[in-house]
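Enquirer: Spelled out from the first residue to the last, the chains are:
2 protein chains.
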Amino acid sequence: MTEDHGELPPGLALSWGVLPVQRRGPKPALSIEQIVATGIEFGDRDGFEAISLQRIAAHLGVTTNAMYRYVRSKEELIVLVNDKAVGLPPELPEGWRPAAIAWVDAQVKLYAERPWLLDVPIRGAPVTPNQLRWVEAMLTALSATGLSQHDNLGCLLLLSGYVRNYASLARQLGSSADAPVQAEQVGRFLVPRLIEGGYPTLTSVYLNQEYEDGLDDDLEFGLARILDGIDVLIAKR
Amino acid sequence: MTEDHGELPPGLALSWGVLPVQRRGPKPALSIEQIVATGIEFGDRDGFEAISLQRIAAHLGVTTNAMYRYVRSKEELIVLVNDKAVGLPPELPEGWRPAAIAWVDAQVKLYAERPWLLDVPIRGAPVTPNQLRWVEAMLTALSATGLSQHDNLGCLLLLSGYVRNYASLARQLGSSADAPVQAEQVGRFLVPRLIEGGYPTLTSVYLNQEYEDGLDDDLEFGLARILDGIDVLIAKR
DNA sequence: GTGAAAAAGCGTAGGGGTTGCACAGTTTCG
DNA sequence: CGAAACTGTGCAACCCCTACGCTTTTTCAC
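In order, the protein sequence lines correspond to chains U and P.
Residue numbers for the first sequence follow UniProt numbering, so the first one is 1 and each next one is one higher.
Residue numbers for the second sequence follow UniProt numbering, so the first one is 1 and each next one is one higher.
Quick caveat, the hints were computed from the structure, so don't treat them as lab data.
Do not rely on the hints blindly, as some may be mistaken.
Note that identical chains are pooled: a pair holds if it fits in a single copy or bridges any two copies.
[Claimed, not checked] Each computed SDA-like pair below joins lysine to any residue, with the alpha-carbon atoms no more than 20 Å apart:
| # | residue 1 | residue 2 |
| --- | --- | --- |
| 1 | K84 | Q149 |
| 2 | K84 | D217 |
| 3 | K236 | L219 |
| 4 | K236 | E220 |
Put together the whole structure using the sequences plus the hints.
Expert: Following this line, the structure appears as structure tokens:
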């Protein structure tokens, strides 16, 4: 009955709570939950870079190497931390369009709270439990459109990519209070070169100072484009 | 006449060819061009991780520290390598829609040739010359839509985000010849847990094996959605 | 119970990587 | 012809991840 899952991607088994059975030897001083929780703590406080086996080990009063009794590699740790940190999706409202908006908003909020999630490298299609909860939620909402499953997957990809992109842009523009100062300095440097270098459209964008305003509008804008596009598809089929 | 650009983001000045003037002392043994070219070489051969000051220095027959005479930090190097590697955009056809498709295709091709570009962390809005060439090209194409500059920027963000996302998905699915084997193993592990864990929609997706087929179709699919969405907007205004 | 097996944790070690500082050599300006 | 400025180098510190071997602890089997 002991399943033999051979070579699974790092973190897959652990994220689903499948631990290697142990029979003899001292009880582990730590638990995976503890380790993962510490990782999240560090991420929240000091960013993605701060999530290191070394630091976690030190914080838990253990040597770095002891970590490798629990986790096969740093990558595995990251996968676990990531899945735990994304948490569960919210309840979505009725109707695919409101649902999509709510889903996107929730992710934007999540990324705003834990910007370091954007630094987690994407290794493959989502396979961990919480990530799949999000996928499941949106997919069931989309099933009301009457589109094929394949189309729904395409829409999902579209939406999740959009959120991620928006969030990562919002982060870098929003953070650092000196952003406006910096931006102005960059503009002073850039504009003459744009003019001389043959970037007419960009020059006018810069001169109209279109680069700065309303990021919230942008979220809504792009999302509206995507949803309208999906609507067109629905009408077509 | 010597401009004093104070604190500019790393790589900005250098990417535009503004070098700190030198008046005395030995001539540099290396040039920035050489260093950047070596970086690209390593990236192409062994991926993003392989781009390190240490390796480049060794390859050029210099100590690691000598690099810091040319580049203020690794981050600066990465910015330069990135801009050089993205190169120039292609000539775009007439009409905003064909232009957008060509632009997207070109980027997909670029990311297929240099997948490691997807690993370059995005630090901020594009400011380096080649990156801005791409922006400029798409922006001028979009100006034919009659939308506002602000709307055009939103569309651009939408498109570039979409490409990036698609490319990063395509990479991880396409690479590694054992991907199908791996995928099957993952499926065997995952499906029972999806059934038990309350993921009905995903379960059916997995059982229908929707997860595997045509990635090329997906590119076209999402792009069509976005362009349709933009079309709706144009009609509305 | 008691001994052996298994597993945990530690120490040591090594291999990468980025960066700072003091030093010696080279070029060019005054 | 100095002296200033800038070069590359060596040394060193500091992170990070990971492998190996050893000691200690626990538990199973007898």
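Enquirer: Each hint: holds or not?
Expert: Verification of the hints:
1. Taking the closest pair of Cα atoms, K84 and Q149 never come within 20 Å of each other, the shortest separation being 27 Å inside a single copy and 40 Å across copies.
2. For a Cα distance limit of 20 Å, the shortest separation of K84 from D217 qualifies neither inside one copy, at 30 Å, nor across copies, at 33 Å.
3. Taking the shortest Cα distances, K236 and L219 sit within 20 Å of each other only across copies (19 Å), while inside one copy they are farther apart (26 Å).
4. In this assembly of identical chains, K236 and E220 lie within 20 Å of each other by CA distance solely across copies; the values are 16 Å between and 24 Å within a copy.
In terms of the numbered hints stated before, the structure departs from hints 1 and 2, listed from lowest to highest.
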